[in-house]
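Student: Residue strings, one per chain:
2 protein chains.
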Amino acid sequence: MQMKRPPEVLLLGPGPSPVHSRVLEALGQHTLGHLDPDFLEVMDQTSQLLRYVFETENQITFPVSGTGSAGMEAALVNILEPGDKAIIGVNGVFGQRMVDVASRCGAEVIQMDAEWGKPIDPEVIKKTLSAHSGVKLVGVVHAETSTGARQPLEPVVELARKYEALILVDTVTSLGGLPVEVDRRDLDIVYSGNQKCLSAPPGLAPITFGERALQKFHQRKSKVQSWYLDLSFLTRYWGEERFYHHTAPINMIYSLFEALTMIREEGLEDRFSRHLLHSSALVAGLKAIGIEPVVNDKYRLPSLTAVWIPENINDAEVRSRLRRDYLIEIGGGLGPFKGKVWRIGLMGNGSRRENVDRLLKGLSEILDDMGHHCSVDEALSEAGKIYHQQA
Amino acid sequence: MQMKRPPEVLLLGPGPSPVHSRVLEALGQHTLGHLDPDFLEVMDQTSQLLRYVFETENQITFPVSGTGSAGMEAALVNILEPGDKAIIGVNGVFGQRMVDVASRCGAEVIQMDAEWGKPIDPEVIKKTLSAHSGVKLVGVVHAETSTGARQPLEPVVELARKYEALILVDTVTSLGGLPVEVDRRDLDIVYSGNQKCLSAPPGLAPITFGERALQKFHQRKSKVQSWYLDLSFLTRYWGEERFYHHTAPINMIYSLFEALTMIREEGLEDRFSRHLLHSSALVAGLKAIGIEPVVNDKYRLPSLTAVWIPENINDAEVRSRLRRDYLIEIGGGLGPFKGKVWRIGLMGNGSRRENVDRLLKGLSEILDDMGHHCSVDEALSEAGKIYHQQA
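Going line by line, the protein sequences match chains A and B. Numbered according to the working numbering, the first sequence spans residues 1 to 391. Numbered according to the working numbering, the second sequence spans residues 1 to 391.
Worth flagging that the hints you see were computed from the coordinates, not collected in a lab. One thing to keep in mind: the hints can contain errors.
[To be verified] The calculated lysine to aspartate or glutamate pairs, modelled on DMTMM-like cross-linking and capped at a C-alpha distance of 25 Å, are: (1) Lys338/A <-> Glu41/B; (2) Lys136/A <-> Glu57/A; (3) Lys4/A <-> Glu158/B; (4) Lys340/A <-> Glu240/B; (5) Lys298/B <-> Glu158/B.
Turn these sequences into a full structure, and let the hints steer you where they fit.
Tutor: Right, here's the structure in full:
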C-alpha cells in the first residue's frame, strides 16, 4: 500500500512554506553517492548559491544536515565553551531557545529581554554589554517566528564590535525574504532554515561563519561537544579535502540547490519587494475585517505576520475550518500568544497575490459565519488598493 | 538553469544504496505542515513501520532528524552524563566514532579492541566488564561499515545484563538487511540510518529506546547537552502531545514511510534471505576472479562485503573506471584499509542478481584490462552456481 497522496494544502503558516514543483522534482531525482563527482559539484554550487542569498564571501557557507534548530545548535556549540559569556536577546520563543542551547554549552548566558513583538532596545544592549566584561558572543533573532518581529541589526553590530564580541544572528524566517546582508552588516555567524523564505522542504539549515568567528573557533581549548556538528569536520567535508564525515542528505541538497537557483533567477531585490508588497496587501485586507497585526509597522516582518485573534473567536475552530474547507494552513500562537494570535506566513514561493486573496476570502467567510461580522469584498478591496498603488 | 539531471549511477558502495522509484516519488510529494493532521498520521505510521523492522514494541521509536551519525549522537548524549562509564567495542571506523562521541559527553570511555574485520571477542567483553565497576553502557557496532564485519550480539547482551549495563547497538548497515530483533535480543538502545538496507535517501536516523534506557534517561542529573537531540522534547513531539520542538523533515519522512512500506510488503524473512543469497553469489563470483573477502564467512555481513584489492592494482583507477564506464559506484577503504580494500554494498533495493552480474562483469573487464588476468564468464558462472543451488 503506497503512501496516500498528501492533500495540496496551501502553507501560509510560520513554515514550512509552499515548495515549488521544480524544487519537488529536484528532490525526487536519482540519489547519488555522497562522494560522487557529480554530487560534489552540486555541493559546491549549493555553497556558492548560499553565499549569494547570505550576501557573503565567507568560504565556510554550507547547509547543516539538520533542521533550523540544528543550525542554531551548530552555531553555538562551535563557538561557546564552558565559562564563556554570551548575551542573548529574548523577545520570543527562538531567542529563548538560543538561551537554552547556549546554556547547554556550559556558557554563562546573560539574557536581554523585550516584550514579545518588540525588538530588543539598543539601550538595553548597550547597558548589558557595558555591565559584563569579556563577552564572547551577542546573539539575536533577526526575524522572530513566534511574533513576526524584526530585530534591527545595525545597533547590535555597532555595540558588539565596540565590545569585541561576536555577532550571531538567527535568520530562519528572514533569509531570502528580507535583506540579511552578512558581509555589508559584518555579521559573524548566521544560520537559517530551508523551509521559510527559501521555500525548500524542511531538513537543512544553511549556515555561514566569518573570519572572526573562525578565529575564535580555532582558539578553542576544548573539543566541540557535538561530534555531528563539529565545524572542523564539516569544513573538511564541504571543503576541497572532501574528508568523509557523515553521509550528506543528498536529495535534500538537490532540492535546496533548486530552490536557491530559483531565488537567483528572481534576484534578491525583486524577491524582497515581492515579500513587502504581499505582506502590505495582506495587512490592509485583514485590517478591513477588523484584524490587527501584533507588531508595529516599523518592525513587522514582510515574511510573517502575527495578528490578534478577534475577541470571542475560537482559535482552533477557525484554523481547522480553514484547513478543512479551504485547504489553507495558518499557524497558532506559541507560549503567551497561544489562543490569542494567528501567524500568517507569506514566505518565498507562498508570497503571491492569489494566496493573499484566497486567505482573505476564507478567513472572512469563516469569521462572518462565526458571528464576527465582516465582508470578503471589503477585505479584497483594501488589499487590492495596495496592489493598485504598486502598479 | 535547473539542476542537471543526476546520472543513474548504480550504488553498490557502503551507502547510500539504490532508492526505488516509488520511494523517490513519495519524497517529491506535496510538502505538508509539520502539525498537519495528515502528516501526523504519516508520522504515526512511520513509527509503527519502524517498530516492524526493528522488531520491537518500544513506544519510543522514531527517526531522528539527521543522518546515521546524528542517531549515534542522539543515543549517546541522552544516556551518558559526565563521569559515567561506557565500554565500547572498536574494530573499525564506527566503533571509533562511538568512542569519540561518548567522550564528548564527558563519559569515561573504556575501549575494547579487535582487529579490523573481526568481531569483539566475548572474552574481552567479559574481562573488560569485570575489571570496571558501575559501567552504565556497553556499545557495539552490529555491522561495521568500514570492514563488513558482523558483531554477534548474544554474548554482548548476556554479559551486559549480568553487569547491569545498558546495551547500545549501531545497526546502520544491518537494519532491514539482517536480523536486528531488538525485543527478542533485549537490546536497550538501537539506531540506524536511512540509506543502507532500508534504501531510503540519506538524512534520517531511525532510533528506538527500551524501558531500561528510558529509566536511566529519567534518572539523569544533568540536562542533555544537545537541545536538538534531547529525548524529552523528541518524545513529546513524536508522542500524542505533538509538542512543537523542531520542524520535522516532512518529505524525508514521506520517503522513509514508503521505503518501510516496501519492506513490510516483502517481509523481513524474505528480505534477509535475499541479502544472503546475493551476497553469497557476489563472493563466489569475486573469488573466481581472484578477489578475496576480508571477513571470515562466519562474520561476513550479507549487506556489505569488503574485499582485498589485488596486488599492483590501483584502487582509485578501478573505481573511477567503474563509475565512468559502467556507471557503478563501489566504496574505497577507510583508515588502514585505504587503498587496500574495496567495499561492495548489496543493500536493500540494491541486493539483486542483475546488480551482482553487472558489477562482476564491469570489475572483471577492468581488471583484465589492467593486467590482472580474469574472465567475466568464470565470475558469472561461479555466481550463477549459487543461484542455481538456491533455485
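Student: It remains to establish, for every hint, whether it holds in the given structure.
Tutor: Outcome of the hint check:
1. Lys338/A <-> Glu41/B: holds (24 Å)
2. Lys136/A <-> Glu57/A: At roughly 23 Å apart (the allowed maximum being 25 Å), Glu57/A and Lys136/A satisfy the hint.
3. Lys4/A <-> Glu158/B: This hinted pair is violated, its Cα atoms lying about 43 Å apart.
4. Lys340/A <-> Glu240/B: Holds, at roughly 23 Å.
5. Lys298/B <-> Glu158/B: At roughly 20 Å apart (the allowed maximum being 25 Å), Glu158/B and Lys298/B satisfy the hint.
Going down the numbered hints, you'll see the structure goes against just number 3.
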